[in-house]
Each structure stands twice: as structure tokens, then as C-alpha cells.
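For the sequence shown, the numbering used here gives the first residue as 8, with consecutive numbering after it.
Check before you lean on any hint, since a few could be wrong.
What the hints assert, rightly or not - Simulated pairs of lysine-lysine, DSSO-like, Cα-Cα distance not exceeding 30 angstroms: (1) Lys91 / Lys105; (2) Lys52 / Lys105; (3) Lys51 / Lys105; (4) Lys115 / Lys51; (5) Lys115 / Lys52; (6) Lys107 / Lys91.
Calculated directly from the structure, the hints in this document are not laboratory data.
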Amino acid sequence: MRRAMLNQLARIGAIASLSSCLAQGEETTVSGYLIDVFCYERAKKGGKALDGTDIIQRPWEHSVHCLRDQPQCREGGYYVAYNKGNVVGRQGRDYDIKYKFDSASNAKVL
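Start from the sequences and build out the full structure, keeping to the hints where you can.
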């Protein structure tokens, strides 16, 4: 329950930050899961995120601790994951990068 609540807070932070950063003079709102690039790159190579989660199929399980407290995760930057809509076996759906944050946005995320 606590992890889910923290992930929701992380999503809200991502949405708020993206709202002010995507377009100059325009407000844009997106929805998705906040994931760090370091863990994403590990997962795309067949591994798991540092916290042991499968962020490709279950990004909502990725912990705020991993996003915030692991130096390599913080320094690698963040992105918003979206559901690509494809079914992968019986486990679920694939998630991928929708919006990647720039350095100014990364500083505001957490």
C-alpha cells in the first residue's frame, strides 16, 4: 500500500514537471510512470531494476527509494513510461519511454 502511494506521488511529480517543461507557453499534461533511465537500460538488456522490479512489464512496482536514493539512478535522469498496448505472453503489457526529461526537468522531479 505504501509503495503504491509513493509511486502515485512520483507520477504526480512527473506530470507536474512535464506540464511546465514540454512546450514553451503551452501547458501539456501526460500520464504514466516515472522511471529512471539507469534502471530502464538494465531492464532492456534483460535484467531487472536495482530494486529488483521488472519495469518493462510492471513499472508501478518501481520504488521511490530506487528513483531518489540510488546515485546512478538519480544521475541517469528520468522518463515517463507508457503502455505500448502490446501483450507480452501472459504476464502483461510492455511499457516504454514516452517522454524523457531534460536536465532542468530532472532536477525538479524528486
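Checked hints:
This hinted pair checks out: Lys91 and Lys105 have alpha carbons roughly 9 angstroms apart, not beyond 30 angstroms. Taking the CA atoms of Lys52 and Lys105, the gap is about 19 angstroms. The hint holds against a cut of 30 angstroms. Distance hint between Lys51 and Lys105 is fulfilled; the C-alpha atoms sit about 15 angstroms from each other, no more than 30 angstroms. Of the supplied pair hints, the one linking Lys115 and Lys51 holds, its CA atoms being roughly 26 angstroms apart against a limit of 30 angstroms.
The straight-line distance between the Cα atoms of Lys115 and Lys52 is roughly 28 angstroms, inside the 30 angstroms bound, and the hint therefore holds. About 16 angstroms separates the Cα atoms of Lys107 and Lys91, which keeps this hinted pair within 30 angstroms; it holds.
In terms of the numbered hints stated before, the structure departs from none.
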